[in-house]
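Spelled out, the chains give:
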Amino acid sequence: MNKKHFLLIAAFIFIPALPFAQGVSAEPVIDSEISEMYLSVEAAKSKKEKRNLTLLLAEKLTSAGQYEEAENLYKGLLAGKPSKKQSFEYYLKLGDTAFLSKNYTLSLDYYEKARSLYKKNAEVNLKIGDVLLKCNLYNLAEKSFTEALSHDEDSYYAKKRLGDIYFEMEMYSKAVEYYGQIENAVNDKQLTVNMAVCYRNLSETDKALDIAKAYLQMTPDAEMFILSGMLNCDKKRYDSAEKDFLKSIEINGQNFMPYIYLAGIYFSADKYELAKRYIDKAYALNSSYAATDLLNAEISYKLGRIYEARRYAHNAFIKAKSPFIKERVKKSSGFFNQ
Amino acid sequence: MILTDALKKIIVLSLIVFCAAQTLSAAVSVFDFDEEEFAVNSLWHRVLELPKEKRPKVALVLGGGGARGFSHIGVFKILQEEEIPVDLVIGASIGSIAGAFYCAGIPMSKVEELAKDITLQSVSNLNPVSMLSMLFSEKLLSNEEIETFLDENIGGLRFDELKVPLVCVATDLNTGERILLREGSVAFAARASATLPGFFKPVEYRQRYLVDGGLSENVPVNIAKLFDPDIIIAVAVSADISKNSTDNVFETLMQSIYIQGKALDAENLMLADVVIRPDVGGIKTVDMGSAYDTIDKGAFAAKKAAKQIKMAIINKTLERHLIE
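Quick note, the sequences are listed as chains A and B, same order. Residue numbering for the first sequence follows my numbering, starting at 1 and increasing by one per position. Residue numbering for the second sequence follows my numbering, starting at 339 and increasing by one per position.
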């Protein structure tokens, strides 16, 4: 397993967290509810009541994905000579709305206006950082999160995001420095995976394993067992890796990955019958990879089933995508056909 | 702060790139199986079990670059960690010094400690008196201390006593020939290979005056070819000429050497199977204080290249050795 693989695992958990700025989310709302709210705003008796109802309505519209209408309402509130604090709030809301409508430039513009009102506010710096991160502007995002952390040194979100930024920039020492500051990081699957990736890339696989183990002690998780198994393979602790993969199968028997890894371990240990059993199971769950066919061909050859070996090698040839696998398949086929 | 137009443009451009990247990554499913990685790992396991004569011969070429060459230590650390075999080392300049330590079997943790304490003064007779002497009587500095330092730390070994064969490349100052040093004292050869011309006195060797191997072959892949290895891994630690300072005479002279050697380096690197390029181009040749960071950069680059090296070795291994 290499960094790329780890990154894929990390991306799986990391990416879903990115699409929304901190505290911003969208959910479907019934149109009639919105119509009623418009009527309530119209019927409001006082300025204060109208403002509060408008805010509620704008939030509903945002939740319903009607960003333009929400934006107009916030702009209307801004035009009504609000206080500095209120203006700050409206600019933040406008920024959130623009963020959700994926207009990141506009979103950043509004957040910057909010920040110009309260420079030392941690929340606005976090939001700006999120937009910049969304735009892959890591260096600028880093500055914003660092700024946020300077105003709120306990900010879980700022530490996590700084860790994520350094992780993405492959600055693993700095990433673990920030991840390590997060309290109860061991409860968080995303953090656990990211930290394991960092330690593995820093040639500290044992630390990566410790983190995975700590997580697994609290939460038995099929994917985390796969990760632990891969790390044990890195350290050539095949007995431990075998146990991890078997536990992963116990929890979720439908993922083909632990089966193929087990087949590889048994093949290396010259346990060809056992390897065949697991590679066949992996194949039954997912037959799209050339590597599965290639290993199956080699196992079949070892079991003296030469025609089967040729057939799997042929299948691998059809499925092979990467130049390395193609080269391997070509050479194996040549060998089996001798 | 209100957004500038320039920043807005950057964001728009980033979004275009980001969206393209998202489209690409969408094809990769969650917790995807990296079949190439899996294949490499399982085959690598078999390569490691092969006796030496059944696996390809690997030559490691270590380029010159002064303090940037500390990254060779990081490269060695990773090669050892990943159990990548090295059957021959060819070094130029600092590459010869790093190679001498590795080939002598000195643990890289010890070499790392030595590197962190090293200064220009500790490997030459650089001091105010020698500098004045250099300026007013054009007397060059001596790098004899490098030889003493190496001899002390590798136990005065000769080439035939090394655990891994080593070739140190030097340059004949009078003819421009590449001189391959592979017999006698290792420390002497490594010193000759790392004798910066115009700064250090040339080293006398069999009626020749030898200077830095980097002058004629800074990344001597050409030399490695002479020994007919199956795989050549080259480590390039050349200066990034766009980042190099030309503020003084020394730096300007160094820049001239880099410019002249750039084309040859590129030609040489084309001949290597795998090139490891630590991100050290911006580090000055004499910046001994950057050892810690430079070693890490070497390790990082080697870690990134490890899979490619393994693939190259697997591909050069006979199929019957891998399967039977």
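None of these hints come from the bench; they were simulated from the model. Wrong hints could be hidden among the right ones.
Keeping only pairs whose Cα atoms sit at most 30 Å apart, straight-line, the calculated DSBU-like set for lysine-lysine is [stated by the list, open to error]:
hint, chain 1, residue 1, chain 2, residue 2
1, B, Lys454, A, Lys302
2, A, Lys174, B, Lys645
3, A, Lys236, B, Lys390
4, B, Lys392, A, Lys331
For each hint, the structure was consulted:
1. B/Lys454 - A/Lys302: violated, 51 Å
2. A/Lys174 - B/Lys645: holds, 24 Å
3. A/Lys236 - B/Lys390: holds, 20 Å
4. B/Lys392 - A/Lys331: Between lysine 392 of chain B and lysine 331 of chain A the Cα gap is close to 17 Å, so the pair holds against 30 Å.
Violated hints amount to a single one, hint 1; each of the other numbered hints is respected by the structure.
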